[in-house]
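Just so you know, the protein sequences line up as chains A and B, in that order.
Residues in the first sequence are numbered from -6 upward in steps of one, following this note's numbering.
Residues in the second sequence are numbered from 28 upward in steps of one, following this note's numbering.
A few of these clues could be false.
Stated by the list, open to error - Just so you have them, the derived chain A footprint on chain B, three or more residues with Cβ under 8 Å:
no., stretch
1, 180 to 192
2, 276 to 287
Said to hold, decoys possible - Examples of chain B residues toward chain A, derived with CB under 7 Å:
no., residue
3, A128
4, H129
5, R130
Quick caveat, the hints were computed from the structure, so don't treat them as lab data.
None of these values were measured; they are calculated from a predicted model.
Built from N, CA and C at the ideal position, the CB exists for glycine as well.
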Amino acid sequence: MTAKKTVAFFPEASFGAALNCVGIAQKIRELGHETVFLCDAGFAGTFEAYGFTEYPVTMSPDMSEEELEKFWAGFIARHLPHFRLSPTEQLSTYVLDCWEAIVDSVIMAEPDLKRQLAAIQPDVVCVDNVILFPAAAQAGCPWVRIVSCAEAEIPDPAIPPLMSALGVDDHAQFQSFAKTYVETVEPAHTRFNAFLTSIGRKPYPAGVFFEASPDLNLMLYADPLRYERKSPLDTERFLFLEGSVRDEGPYSPPEFPVHNDKPLVYLSFGSLGAADVALLERMIRLFSTLPYRFLINVGGYKDSYRFVPDNVQIDYWFPQPSVIAQSDLVVHHGGNNSVHEALYFGKPAIVMPYCWDGHDNARRIADQDLGIHLDRYEWRDGELIEAIETLMTDKPRHERLAVIAGKMQAFDGCTRAAEAILKCAGSSKP
Amino acid sequence: MVAIGKPHTELARKVVDYVRQQNMQEGARVREQPLADHFGVSRTPIRGALALLADRGLLRYAPNQGYSLAIAPESITDAPVKLPPTEEEQLFLAVVRDRLAHRLDDHITVTEIMRRYASSRAIVSRVLVRMGEDGLIERGDGQSWVFGPTLDSLSAMEESYRFRELIEPSAVLEPGFRFDPHLFSHIRRSHQAMFDLGIGALEARQIYDVDAAFHNAVANCCGNRFLAQAIRQQTTLRRLSENTGGANRHRLLASCHEHLTIMDMIEAGDMQLASDALRRHINAAKGHRPRVSLRGIPPLASRRQ
Chain A
-6 MTAKKTVAFF PEASFGAALN CVGIAQKIRE LGHETVFLCD AGFAGTFEAY GFTEYPVTMS
54 PDMSEEELEK FWAGFIARHL PHFRLSPTEQ LSTYVLDCWE AIVDSVIMAE PDLKRQLAAI
114 QPDVVCVDNV ILFPAAAQAG CPWVRIVSCA EAEIPDPAIP PLMSALGVDD HAQFQSFAKT
174 YVETVEPAHT RFNAFLTSIG RKPYPAGVFF EASPDLNLML YADPLRYERK SPLDTERFLF
234 LEGSVRDEGP YSPPEFPVHN DKPLVYLSFG SLGAADVALL ERMIRLFSTL PYRFLINVGG
294 YKDSYRFVPD NVQIDYWFPQ PSVIAQSDLV VHHGGNNSVH EALYFGKPAI VMPYCWDGHD
354 NARRIADQDL GIHLDRYEWR DGELIEAIET LMTDKPRHER LAVIAGKMQA FDGCTRAAEA
414 ILKCAGSSKP
Chain B
28 MVAIGKPHTE LARKVVDYVR QQNMQEGARV REQPLADHFG VSRTPIRGAL ALLADRGLLR
88 YAPNQGYSLA IAPESITDAP VKLPPTEEEQ LFLAVVRDRL AHRLDDHITV TEIMRRYASS
148 RAIVSRVLVR MGEDGLIERG DGQSWVFGPT LDSLSAMEES YRFRELIEPS AVLEPGFRFD
208 PHLFSHIRRS HQAMFDLGIG ALEARQIYDV DAAFHNAVAN CCGNRFLAQA IRQQTTLRRL
268 SENTGGANRH RLLASCHEHL TIMDMIEAGD MQLASDALRR HINAAKGHRP RVSLRGIPPL
328 ASRRQ
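Model the full structure from these sequences, guided by the hints.
Below is the structure:
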């Protein structure tokens, strides 16, 4: 074995990025190297639960339990209606608000991140985020960008803009969406550039919050979803992973009072998507009439549900990859992990997005005929039932998905990523 | 409350645990009366449990001599005895499952349970009494029964963790705490057998069994009946909820390694260290749920508005 390396992961404080990094970090650990995580104090425990050492980075205000609860209630009340809007309408109502917060977190994190990286002395830093954290790129070692959002995070004139929900044939609309995006996020972008300038870095072009790493960039996007680019990416610096699925160990579905011999559907809209209790209640009412079993991730809202039907099991958390492996159908929000975990196990999906790259992934899944894109709110009972039945019974699609799953599993994205990161760690420090 | 005999299979499992803990050797006599005294029941249910274990090949029966251990205790650990659930056990688990899954209301009657699960009144009554003994349900007004607090939500789990942080580290510091070498040795073997299997081959139930055995051992050794009762009840509640709930298997295994460290401290007589480690152990389990999710939670931006 080569000399032991120290790999520092710094994922965004969201489950998608965090758990994607866990999958890669597990492989690096298996190869005998030290793997640590830097994370917001409020996300602490996530990585420790997988046996990794955590280094807290202060990047959000310290809130008491009461303050946090009050904040969440206000946030949900303010933004839930926005998830009903079109991608363009969400730019001013939701996306800008997010970018303001993300810029705040970068500014707040910088001193702590710098201090912790100096203490860790990593051989390589892996960042899975949507924005540059300067300290991570200036840690005195190579850095890796992990793109666990949609492929459009690394833009190209031939690819629909991120968050647009456009298809490749909607070329005429690319420019107008991009223009609206740049204009809308301008206040947050201006503050971000001012911060970059204040610490001696060059400002970014309008609308740009991140850059490709000069060392290595890992793209989660699997081959069946990938776009044909006008300017192909440099294969020395960009590695497509065909998904990176973490190991959660075996999972046994619970016994249901009914339908234990019927197909299993897994539904998760992510931690934020679970906040729409009314939507999930409507779906659960419908599910109670169907001859299937349903596992539903309701996040932190389990207390809100009463009289759950006999063919439905709700919980605040599921070991998602292990559950998807045993499911017959997945219903999700288009989060990149969900998209790729479903493909990795060859499962058809109904995608019901509500924000960010979920819109793009839903569109891409439908355009590539790998699943069905359903509006999150504008559906009739019959439409959802038809979507479920179609995907349950479409044998040619199942066969195609099985081939895709076989290729993705054989590619073993987590191991490829681990090897590429370690190779990067072995290169000379800048 | 009327004492009602529990199912033979449950008692049989307890007898198996007792045999392991006592480190009995192959051929050792397994007498009815000491077991009846130990478990606080009459000889009749003990006789039923022993007959079941003899049927499974664990015990040997000889006329005029009674029961003796048919295999070595190590073999019992390596090949857990498979005992079929009784109708009572099935109903007990089904009611608990449905309560934890939010399928049952806070109040329920015997008739409703009979109808829902197609069970007889006698069995339903026995199950309700058993659930009452485990603190899961109590009599309400009229014909109704009222479910007690269970670990069916994140808030209930938080409260349980905070309660356990109060009682379990204190139990280790009780003046009457007596370390039981047989019991600890048995628990160590169970942990090691689980680690040897590896995470990929483990059933969730095995991890939960080992976890419950450790925490109940703290209760058994603490010498304070009230603390012991509270710890056992929390373990029962956790054990029941863990059957249905999601849990991070990696964290569960790490948690089992922590058990061994705590037992080392207890065996070395470092009770304060053990108490502190037990508090950290419970706190770590509590803390693995994240509080923020960045793209969905812009607190600074919201405050600036």
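Taking the hints in turn, this is what the structure says about them:
1. With 3 residues carrying a beta carbon less than 8 Å from a beta carbon of chain A, the stretch 180 to 192 of chain B meets the three-residue requirement, and the given coverage holds.
2. Evaluation of the coverage hint for the stretch 276 to 287 of chain B: fulfilled, as 4 residues show C-beta separations to chain A shorter than 8 Å, against a requirement of three.
3. Among the interface hints, the one on A128 of chain B holds; its C-beta lies about 6 Å from the nearest C-beta in chain A, closer than the 7 Å criterion.
4. For H129 of chain B, the interface hint holds, the least distance from its beta-carbon to any beta-carbon of chain A being 4 Å, beneath 7 Å.
5. With its C-beta approaching chain A no nearer than about 5 Å, R130 of chain B sits inside the 7 Å limit, and its interface hint holds.
Violated hints for the displayed structure: none, as all numbered hints are satisfied.
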